[in-house]
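Undergrad: Chain by chain, the residues:
Protein chains: 2
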Amino acid sequence: MSTEFPHIPTPDAATHRAAEARHLELTKPPGSLGRLEELGVWVSACQGQCPPRPFARPRVVLFAGDHGITAQGVSAFPAEVTGQMVANFLAGGAAVNVMASVAGATVRVVDLGVDTDAELPEHVTAHKIRRSSGSIDREDALTDAEVDAAIAAGRALADEEVDGGADLLIAGEMGIGNTTPAAVLIAALSGSEPVAVVGRGTGIDDQTWMRKATAVRDALRRARRVSAHPVALLRTAGSADIAAMAAFLAQAAVRKTPVLLDGVVVGAAALVAEELAPGASEWWRAAHKSVEPAHALVLEQLNLTPILDLDLRLGEGTGALAALPLLSMATRVLGEMSTFADAGVSEG
Amino acid sequence: MSTEFPHIPTPDAATHRAAEARHLELTKPPGSLGRLEELGVWVSACQGQCPPRPFARPRVVLFAGDHGITAQGVSAFPAEVTGQMVANFLAGGAAVNVMASVAGATVRVVDLGVDTDAELPEHVTAHKIRRSSGSIDREDALTDAEVDAAIAAGRALADEEVDGGADLLIAGEMGIGNTTPAAVLIAALSGSEPVAVVGRGTGIDDQTWMRKATAVRDALRRARRVSAHPVALLRTAGSADIAAMAAFLAQAAVRKTPVLLDGVVVGAAALVAEELAPGASEWWRAAHKSVEPAHALVLEQLNLTPILDLDLRLGEGTGALAALPLLSMATRVLGEMSTFADAGVSEG
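Here the protein sequences come in this chain order: A and B.
Per our numbering, the first sequence starts with residue 8, numbered consecutively.
Per our numbering, the second sequence starts with residue 8, numbered consecutively.
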């Protein structure tokens, strides 16, 4: 597969209008379900069908990878935690597993670049690009061949999932140090200064924050040169997992499949995806507003209004899973509520 | 039963501390699940058990009743809609039914004061107090005997539900015109002016808003005289459904059962309940922030931070149901996630 994406269609405008009209016929004051009405209309338009179908297979694809920049001491956790958490995901003990179970979603873990000697199952490593990434403050994250392969992996993953019946996609991520490349990508694409994008990540102290800010400053100097070229930007300042996520988000739009976006790292991938495939963001909704300061820049840039604001900063796709039941409610309300006529209720 | 409530205990402090400590051992950066961590700790403290149990029987009790004030033209819908919607709830076609299904809750509909000739099932009318209520701008809503009976009904309903295994309670409401008494109660208990509490309800136009504001002004003049006496306040400016809801919310606290609060009408009942049984609000969380302006006064007065802000204004308990999956996630995350030690994950 190439790194060129086809033209992205918009969710169906006629279905959108039909869904808005249907909302006025349901047994409730018009507009009284607020944001849930807008979300239901969006799902309906994405499906090209009104009333919309309830989600049959909401799916989290969890992109795991390590980041060379951790050598500069930018995280509160050691890099080995990435591999340990992959094992935790596979055992079902992480937050993403528990929250997916409540929300009725399933989780697929994919190792794009975990730096581990542990034997992981073939279904996890099938799309592996490399171990870790270059230290982006001084060298490229990936080679040309690696970034192309990561983009192909992300597209293949979206295709596999949609072909397998997934009708709502969530990208999650795990990678110690990954808010550093995310901050660089967001700064490069939003024209922001390092201080505006560097957050506390997993919970770093002031000294670590200073090291992270220095790393972001240096990486951003390299990234700005290529910020008009999304593939080159991913090669320079991304990673295999972030490149694959960007391609996954773009390909979801190609496949007309709605996406709930998680927090800042997924947001960085989404910003790049919108550059790779302009219009892809019409197929996404922002599940929440993260604590990470760079996330607000993503939401503004993509013109997305977050559904939740719960001070989340875990990643893994947990923020998106928190909003999934609301999207399910929005979809089923539009699909299953009685109309005034059917229920014999007087209209106002 | 009398209208006197016993002393309200607080959720268990030792369990609260144990739950906070457990959160630090789970495989995620400390604090990274934000509000979900606080909610899980609260549920654990309410249950007096750490780790907390997942909810086995979340339950919506939907209090239906008509309001004499509708004769003054304060609503966008005719009063007959209350009875029609009760039939819709029983048929499963309303928003509350669909959202409860997604959230894994069940719905019980109770007619406290619906003004209808329709034959409703015995299980719906078993607690009926009267048809409609007095027009509160000029007369009391209820007699002394009626308000006492409504409070007894609310307490009995909470007892029945908790005895039946309900471990999370939601009060919902349906009643054309009910945001008018709600506005009066909130203004009386928060010392606010009519203009600060009168909202658009089901979606009224400017002329109707003027009539509603006049009704609230006149009713508030009557209500202020008794605002220090919650039972007299319910008699003067409440209704059977709101009085029963207030007692239900207070009795839930007596029975140490956590409650998710819905919007402005439930909020008015909650303000009165906190007067009836000081400390009851420790057993409640505010599910959302309604569009209705008086709701913000309730949240401030009860010192509750809403979980969601989705421009909802439907009532029925739908706002509380929207937040229920988040409460379930918060509870199960605390109960089911692996610890660093169990999962072999390095701590930061």
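Hints were generated in silico from the structure; no laboratory data involved.
Nothing here was measured: the structure is a model prediction, and the numbers come from that model.
Note that the Cβ used here is the ideal one computed from N, Cα and C, for glycine as well.
Hints may be right or wrong, so weigh each one.
To give a feel for the contact side, a few chain A residues facing chain B, derived at Cβ under 8 Å [what the hints assert, rightly or not]:
id : residue
1  : 31
2  : 40
3  : 84
4  : 91
5  : 105
6  : 201
7  : 202
8  : 210
9  : 214
10 : 217
11 : 218
12 : 300
13 : 311
14 : 333
15 : 348
Undergrad: State for each hint whether it applies.
TA: Quick rundown of the hints versus the structure:
The restraint placing residue 31 of chain A at the interface with chain B is violated, with a minimum CB-CB distance near 11 Å, outside the 8 Å limit. About 6 Å separates the beta-carbon of residue 40 of chain A from the nearest beta-carbon of chain B, less than 8 Å, and the hint is met. Proximity of residue 84 of chain A to chain B holds as hinted, the smallest CB-CB distance being about 4 Å (cut-off 8 Å). At about 4 Å, the closest approach between the beta carbon of residue 91 of chain A and any beta carbon in chain B falls short of 8 Å, and the interface hint on this residue holds.
Because the beta carbon of residue 105 of chain A sits about 5 Å from the nearest beta carbon in chain B, less than 8 Å, this interface hint is met. Interface hint status for residue 201 of chain A: violated, as the beta-carbon distance to the closest one in chain B is roughly 22 Å, over 8 Å. The criterion of a C-beta within 8 Å of any C-beta in chain B is not met by residue 202 of chain A, whose closest approach is roughly 22 Å, and the hint is violated. Taking 8 Å as the C-beta contact cut-off toward chain B, the hint placing residue 210 of chain A at the interface holds, the least distance being around 5 Å.
Proximity of residue 214 of chain A to chain B is violated relative to the hint, the smallest CB-CB distance being about 14 Å (cut-off 8 Å). Interface hint status for residue 217 of chain A: violated, as the beta-carbon distance to the closest one in chain B is roughly 17 Å, over 8 Å. Interface restraint check for residue 218 of chain A: the shortest CB-CB distance to chain B comes to about 15 Å, outside 8 Å, so the restraint is violated. Evaluation of the residue 300 of chain A hint against chain B yields a violated restraint, the C-beta minimum of about 15 Å exceeding 8 Å.
Interface hint at residue 311 of chain A: violated, since its Cβ lies 15 Å from the closest Cβ of chain B, which is beyond the 8 Å cut-off. For residue 333 of chain A, the suggested interface contact is upheld, since its CB lies about 6 Å from the closest CB of chain B, less than 8 Å. Hint status for residue 348 of chain A: violated, given a least beta-carbon distance of 11 Å to chain B, over 8 Å.
In summary, the structure is inconsistent with hints 1, 6, 7, 9, 10, 11, 12, 13, 15 from the numbered list given earlier, while agreeing with the others.
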